[in-house]
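> Below are the chains, spelled out letter by letter.
2 protein chains.
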Amino acid sequence: MLPSAQTALSDLIERLRSGDTRALARAISLAENDAPGAIDVLSACFPHTGHALRIGITGSPGAGKSTLVDRLARAWRGAGVSVGVIAVDPSSAFTGGAILGDRIRMQERIGDDGLYVRSMATRGALGGLARTTADVAQLIEASGKDIVLVETVGVGQDEIDIVRLADVTVVVLVPGMGDDVQTIKAGVMEIADIFVINKADREGADRVEREIRAMQSLAGDRTTRITPIVKTVATTGIGLDELLNAIEEMKQWLAQEGRIEVRRTAYWRERIEQMVQHALLKEARAHGLSREELAKHAERIAAGDEDPYRLAPRLVARVFNEREDARGVRS
Amino acid sequence: MLPSAQTALSDLIERLRSGDTRALARAISLAENDAPGAIDVLSACFPHTGHALRIGITGSPGAGKSTLVDRLARAWRGAGVSVGVIAVDPSSAFTGGAILGDRIRMQERIGDDGLYVRSMATRGALGGLARTTADVAQLIEASGKDIVLVETVGVGQDEIDIVRLADVTVVVLVPGMGDDVQTIKAGVMEIADIFVINKADREGADRVEREIRAMQSLAGDRTTRITPIVKTVATTGIGLDELLNAIEEMKQWLAQEGRIEVRRTAYWRERIEQMVQHALLKEARAHGLSREELAKHAERIAAGDEDPYRLAPRLVARVFNEREDARGVRS
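Keeping their order, the protein sequence lines are chains A and B.
Under numbering that gives the first Met the number 0, the first residue of the first sequence is numbered 0, with each subsequent residue one higher.
Under numbering that gives the first Met the number 0, the first residue of the second sequence is numbered 0, with each subsequent residue one higher.
Hints were generated in silico from the structure; no laboratory data involved.
Fair warning: there could be bad hints in the mix.
No copy labels: a pair is met if it fits in one copy or bridges any two.
[Claimed, not checked] Pairs of lysine-lysine residues, derived as DSS-like cross-links and limited to a Cα-Cα distance of at most 30 Å, are as follows:
no., residue 1, residue 2
1, 230, 281
2, 281, 250
3, 230, 295
4, 230, 250
5, 281, 295
6, 295, 250
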């Protein structure tokens with residue numbers, strides 16, 4: 000890296016650390032685009048992470064998650080706690096996330112340095128959104144926020160991957176969804192630390208609660224902790240205090256017996272593997288495995304003229320051999 | 000590979016090609032587990048693929064996709080067309096896919112060699128389900144099926160990745176979903192070749208149709224083809240003939256002006272990159288990057304003692320260097 004670029008990066012990191020919102024936004028853009036310098040920024044920020052509480056909020060579309068997130072953010076801000084919100088919409092790569100627009104307006108209206116809101120919809124290749132969300136969470140944390148809240152739009156496997164970075168995962172359900180919701184619920188049973196039944200003034204809230212308990216007893220009680228179920232009406236603020244308490248209790252529970260370390264280690268175990276895989280592909284690209292070449296192969300495969308199952312290992316072997324050849328020339 | 004193992008594989012491939020369902024199931028298990036021999040089987044099957052029509056069916060949970068798939072499969076079987084169905088549920092890794100159970104019973108009831116049904120719910124690490132589904136589709140096609148139908152449970156990014164292998168993608172909507180469905184719909188607008196509004200006897204079917212058309216005009220008309228919208232009531236069979244016609248018309252449209260080649264090339268361009276990435280990680284594992292070592296690093300990262308952003312490139316560099324060292328010793 001050029002010395003001037005290095006200086007610019009140091010400056011960016013310093014400003015980010017001091018809570019400068021523009022510097023944070025700039026660093027996030029670098030990370031999102033996997034741009035040169037992104038790793039330097041993330042690496043420089045890493046020592047300043049680990050202190051914030053990371054909260055993931057997921058649940059069926061239409062469950063009222065964004066209203067709930069707004070309420071939580073306002074409550075924490077009122078108590079002097081700084082908050083970063085990442086609103087992730089994996090499904091809206093095409094439209095660019097229309098629903099997230101009002102969140103940005105909300106931030107402008109508040110004009111509060113202790114609240115940073117970022118919406119993310121673009122998805123790079125190869126599961127990039129979970130990776131980028133994790134990097135953005137790191138940057139927001141390094142900028143000094145006490146709480147980083149990651150909200151997803153739906154509740155598919157993608158969303159589960161995204162909220163995996165959370166210390167505390169809140170799953171929001173709502174009464175009166177169709178039967179297939181049972182399946183969705185089942186898929187997220189194991190990641191929920193707190194259940195919220197929002198729109199609890201609707202008919203069926205008690206039934207949802209019974210169903211959650213029934214599924215939990217089916218799955219077997221594998222922790223020493225009973226997952227709390229909090230009923231809320233986010234639009235009016237009913238149940239909000241109870242939810243704040245449940246989050247605080249979970250935080251205290253995590254602080255005991257090294258639980259948060261166990262949880263974060265489990266997270267990093269998966270994440271470091273993904274980072275290695277990402278780095279491997281970058282290395283392969285740097286050694287001549289260009290997109291253009293792959294596109295030519297793709298054409299031959301589609302025509303049935305080339306066997307992809309033999310091609311992939313052959314290309315990988317070539318990447319390694321080219322490195323060896325390059326070293327041979329140098330030595 | 001040992002000669003006897005080679006013979007066993009040749010035998011398996013031969014039986015699979017002759018339409019033997021047990022051999023097909025065995026080959027699918029190999030592919031699902033990325034077991035030794037899996038690549039040999041897939042490679043041997045590859046020349047026998049490319050002739051079947053691949054149909055993807057996705058849509059909101061509760062939209063009636065499975066009933067629709069059953070109807071389509073029966074209609075094709077009645078016309079002597081052989082069908083393979085892959086029912087994929089990315090959300091049910093935890094429960095094991097309860098909803099898919101009745102599909103298997105369906106197949107048993109029919110007892111028809113021209114119909115093969117496979118449910119998939121287990122998800123390996125790193126986007127494994129899309130990869131495995133694609134491999135399973137190849138195997139089913141090589142076993143001689145005329146149509147391979149891939150059905151997903153929901154409509155997240157995961158499902159979009161999974162149905163990307165399709166020549167024809169059918170998106171199933173249903174009247175009377177919440178407002179957030181708009182977002183989900185928007186995310187799949189670009190992959191839909193045919194829209195189905197199922198449960199069209201419900202109130203609001205016309206409104207869904209208008210919304211689709213409105214979103215299409217917003218997105219701009221980028222093809223020479225108007226995406227058909229078919230209204231169905233899958234439970235009674237209403238609209239089924241129209242849907243069969245729409246699929247047939249799409250098939251004919253694809254056969255013109257090299258469109259199917261363009262589409263399949265685009266698919267393989269992404270897929271070969273994923274295959275290379277998968278092969279790279281395998282290579283790294285073969286060169287000492289064990290899960291155990293990564294787990295130790297994860298512990299240090301979680302404690303803040305190691306910087307993951309520096310670690311990943313360093314591990315990758317080591318993998319390459321170890322290969323070089325190994326070669327140095329040999330030469």
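> None of the hints should be skipped; say for each whether it holds.
Hints versus structure:
{"no.": "1", "hint": "230 x 281", "verdict": "neither (47 Å within a copy, 46 Å between copies)"}
{"no.": "2", "hint": "281 x 250", "verdict": "neither (38 Å within a copy, 38 Å between copies)"}
{"no.": "3", "hint": "230 x 295", "verdict": "neither (55 Å within a copy, 40 Å between copies)"}
{"no.": "4", "hint": "230 x 250", "verdict": "within (19 Å within a copy, 50 Å between copies)"}
{"no.": "5", "hint": "281 x 295", "verdict": "both (19 Å within a copy, 24 Å between copies)"}
{"no.": "6", "hint": "295 x 250", "verdict": "between (52 Å within a copy, 25 Å between copies)"}
In the structure shown, a violation is registered for the earlier hints numbered 1, 2 and 3, in ascending order.
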